Amino acid sequence: DGGITQSPKYLFRKEGQNVTLSCEQNLNHDAMYWYRQDPGQGLRLIYYSQIVNDFQKGDIAEGYSVSREKKESFPLTVTSAQKNPTAFYLCASSRGSGTYNEQFFGPGTRLTVL
Amino acid sequence: AQKITQTQPGMFVQEKEAVTLDCTYDTSDQSYGLFWYKQPSSGEMIFLIYQGSYDEQNATEGRYSLNFQKARKSANLVISASQLGDSAMYFCAMREGPSNDYKLSFGAGTTVTVRA
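Chains U and X, in that order, give the protein sequences.
Letter by letter, the first sequence follows residues 1 to 114 in our numbering.
Letter by letter, the second sequence follows residues 1 to 116 in our numbering.
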């Protein structure tokens, strides 16, 4: 089945630690995205990548880093510089540019900083 | 400035009735796409319906229809014959053209609760 997988589903980390969230897609999509969602709120864009080996900052990139070495993978690292990392993180992908291309979402990772 | 505005934080609807979720948007692009997503309590985002800025007819997908009023920059979602499984958060989103790198902007969402 084609889709997007994110792991782990729940993640706990201690303050001051870096943590990497996984996102893999087998939809052969060119573009991938990372969003953050806080309780009761909408999605905010962290980083996005339209092609391999290229990525751009979104609206709230500070304290996060990404890589895009393979088309199917777009891992997100939450660094210790992120002041309030506890949130729900969603990864998405789409075929590419074009205003008509919908984004497909993974199941999300809930990150809690202890 | 907010690109997508959803003014209804929460709504209650009786089972089998219709409900309209409001969405207004702000863009200077001529070519853009409007999307509605459903997010149940599990957290997954489910694509519901799409409307292109050049589409002359309102989009429909099963029990979902989009009331697109371009001049008023509104794209309201209508859910007909509500079911208990429709209880979820609903997000309106807009994808603009190359000047905005085709990024998707989301509204704050509307929580819908369907009552039996």
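These aren't lab readings, by the way, just hints derived from the structure by calculation.
Here the structure is a predicted model, which means the values were calculated and not measured.
Be aware that one or more of the hints could be misleading.
To be verified - Under 8 Å between C-beta atoms, here's a sample of chain U residues computed to sit facing chain X:
{"#": "1", "residue": "L45"}
{"#": "2", "residue": "S49"}
{"#": "3", "residue": "Y100"}
{"#": "4", "residue": "P107"}
All C-beta atoms in this analysis are idealised placements derived from N, C-alpha and C, irrespective of residue type, glycine included.
Now the hints, each set against the structure:
1. L45: Hint on L45 of chain U: holds, closest Cβ of chain X at ~6 Å, below 8 Å.
2. S49: violated (11 Å)
3. Y100: holds (5 Å)
4. P107: With a closest approach of 5 Å, the P107 of chain U hint holds.
Hint compliance for this structure: hint 2 alone is broken.
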